[in-house]
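Trainee: These are the residues of each chain, in order.
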Amino acid sequence: MDPIRTIRSRTVVMPRPNIDTDQIMPARFLTTTTREGLGQHLFADWRYDASGQPVADFVLNRPEAAGCRILVAGRNIGCGSSREHAPWGLYDYGFRAVISTEIADIFRNNSLKNGLLPVIVDEATHGWLIEHPGAEVTVDLERSALGLPDGREVSFPIEAFARYCLLNGVDELGYLESQSAAIRAYEAEAGK
Amino acid sequence: MTASTLFEKLWRAHEVVPETADRPAVLYIDLHLVHEVTSPQAFAVLRSRGLPVRRRDRTVGTMDHSTPTRADELYGRVPIRLESAARQVRELEKNAAEFGVELLGIEHPDRGIVHIIGPELGLTQPGKTIVCGDSHTSTHGAFGALAFGIGTTEVGHVLATQCLLQRKPRTLAVNVTGRLAPGVTAKDLVLAIIQRLGVGGGTGHVLEYRGATIEALSMDERMTVCNMSIEAGARAGLVAPDETTFAYLQGRPRAPQGAAWDAALAAWRGLRSDPGARFDRELAIDASNLQPMITYGTNPGMSVGLDEAIPAKGGDAIHAKALEYMGLAAGQRMRGQKIEVVFIGSCTNGRLSDLRAAAGVLRGRRTAPGVKLLVVPGSQRIKREAEREGLDRVFVEAGAEWRESGCSMCLGMNGDLVERGAYCVSTSNRNFEGRQGVGARTLLASPVTAAASAIEGRVADPRAFLS
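The listed protein sequences derive, respectively, from chains A and B. Sequential numbering of the first sequence, starting at 1, is according to our numbering. Sequential numbering of the second sequence, starting at 1, is according to our numbering.
If you are wondering where the hints come from, they were derived from the structure by calculation, not from laboratory data. Values in this document were obtained by computation on a predicted structure and should not be read as measured data. Some clues are possibly wrong.
[What the hints assert, rightly or not] Cβ-to-Cβ under 10 Å is the rule here; a few derived chain A residues that face chain B:
| id | residue |
| --- | --- |
| 1 | Asp20 |
| 2 | Glu102 |
| 3 | Pro133 |
| 4 | Ala135 |
| 5 | Gln179 |
| 6 | Lys192 |
[As the list claims (entries may be wrong)] Derived pair list, reagent style EDC-like, types lysine to aspartate or glutamate, alpha-carbon separation capped at 16 Å:
| id | chain 1 | residue 1 | chain 2 | residue 2 |
| --- | --- | --- | --- | --- |
| 7 | A | Lys192 | B | Asp57 |
| 8 | B | Lys372 | B | Glu456 |
| 9 | B | Lys168 | A | Glu159 |
For glycine and all other residues, C-beta sits at the position ideal for the given N, C-alpha and C.
When you get a sec, could you build the whole thing from the sequences and use the hints?
Mentor: Here it is in structure tokens:
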């Protein structure tokens, strides 16, 4: 994976809480056997109507959403299914960061493994972002800080090792493989 | 030594490398369950790196999500309707053969929903760490196993190294006391717990269900409760193993036998939270005043008792939007709501005791005109056992369709779908928008509530059907 340092972009805002992974990527698109090309199905049932036409007032279909790489969502985004197809779809569509006050566990883990930064912010910052769709913000992974247009910076928590991997393009599987001596020792000791 | 929770004991016993500020723990995985939807891209990573499956003896695959439930399609007498689903099934067959992974495939008599067959074969055991690329892996926690869902990248990690990088979650004790009233089931209990916690209330936590009410539950009921832990956002759910657990497991094909059983039992008896062990949070639930529950909204936390009205939340745009999708109104009682479909099945409520309970309500009765009732057993073993008991005849005579096992209408991946705008009383676990089909309206409930509703063609109170 390519290293990630900063993401600067206007935001797309979806204020609704509890956006589940069934909305992000409906189950009928999970029959793929690859991880590419899922962006076309992202939020399919919100983006398109029954006849397959784009829903004009859905936020991603509006002209100002074009090129935005940061999604601001209501609390607890990514709840529900463990499908990694959800972050794959968000990434393939062009998103590189998701900002909320709460991000569901499995979705957050899956996002970190695919170069989609889960950014958790306080209520006040979140409220400001919700009120200002299209704001130009900067997610600075190196400093774990979100930069707002007025120059304010808000730090966000991110798991130390995941951050290290993202900054350096290190692959977690490679790291786990490097632990093979410890794994063998554990198996011998525990009788596994 | 300080008192430990059950979770802490399970965690410590599987730390290959403990966590530090800079590094997550390397956690050993005892059992990895694999299915066709979340594994193809993981096998592709192994193939591209030339890696084998490290512990084939700790890896078991099956097919459940995209498989047809009609026998003619499933067994190849007619083609699988969905070409993409057929391709996914073939892909897992190919990957299992190439990597030497045991596969309980289409024709296998032990095939079924991954979270049903693990326990029924005795693969699921107290003290194990169990993962699967599926969020309802929390089901296996009913046995005192640390079991949780993972994404496909992590499926690859476990296939290649038998380990995961994990941060230690926090603990939340759910203390349940009071006897469940007749007609009130484990499903109603867990819906009430999720209502109380909220759909994000368990995030970052492992729940341990405790107390006299939990101890009195059967294994099937404990599995229903643990299954839906993820619907409160929890990483996993746990119940400490006890005599009920051991009696369930003894003699199962993959459970330890003979001297190994005695040794396992001795170890399993220590798997409980010590007196005085501290949880990060606690929640107390009195189960004695619960009534049958049903959801009215678009997440599993939006539920009411059958005798209650849908709450009014003035100014809450999200609540209003959910009700708009559902075609329901604040103040309305769910009982009496007209329905079109009833689905009995899934990893939440597709076990034999669920089918028996539903059949008990349906025996000698018919579904209301215009209601479609689909009954899908959780596994082929359950299907055969139900047929031996004649439950299939009860369902068919009531007007139901009786199918082969699989996830089916819980998520509709295989084409078992609810039509746009239709109401479905479903024994599954998620009522998200479009979960059972684009525009479908899901009402989550217990198997007895589902069966009673099929008879009346409206959301019905199962207590009226108790003999």
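Trainee: Now tell me, hint by hint, if it's right for this structure.
Mentor: Going down the list of hints, with the structure as the test:
no.: 1; hint: Asp20; result: holds, 5 Å
no.: 2; hint: Glu102; result: holds, 5 Å
no.: 3; hint: Pro133; result: violated, 16 Å
no.: 4; hint: Ala135; result: violated, 21 Å
no.: 5; hint: Gln179; result: holds, 5 Å
no.: 6; hint: Lys192; result: holds, 7 Å
no.: 7; hint: A:Lys192 to B:Asp57; result: holds, 10 Å
no.: 8; hint: B:Lys372 to B:Glu456; result: holds, 12 Å
no.: 9; hint: B:Lys168 to A:Glu159; result: holds, 12 Å
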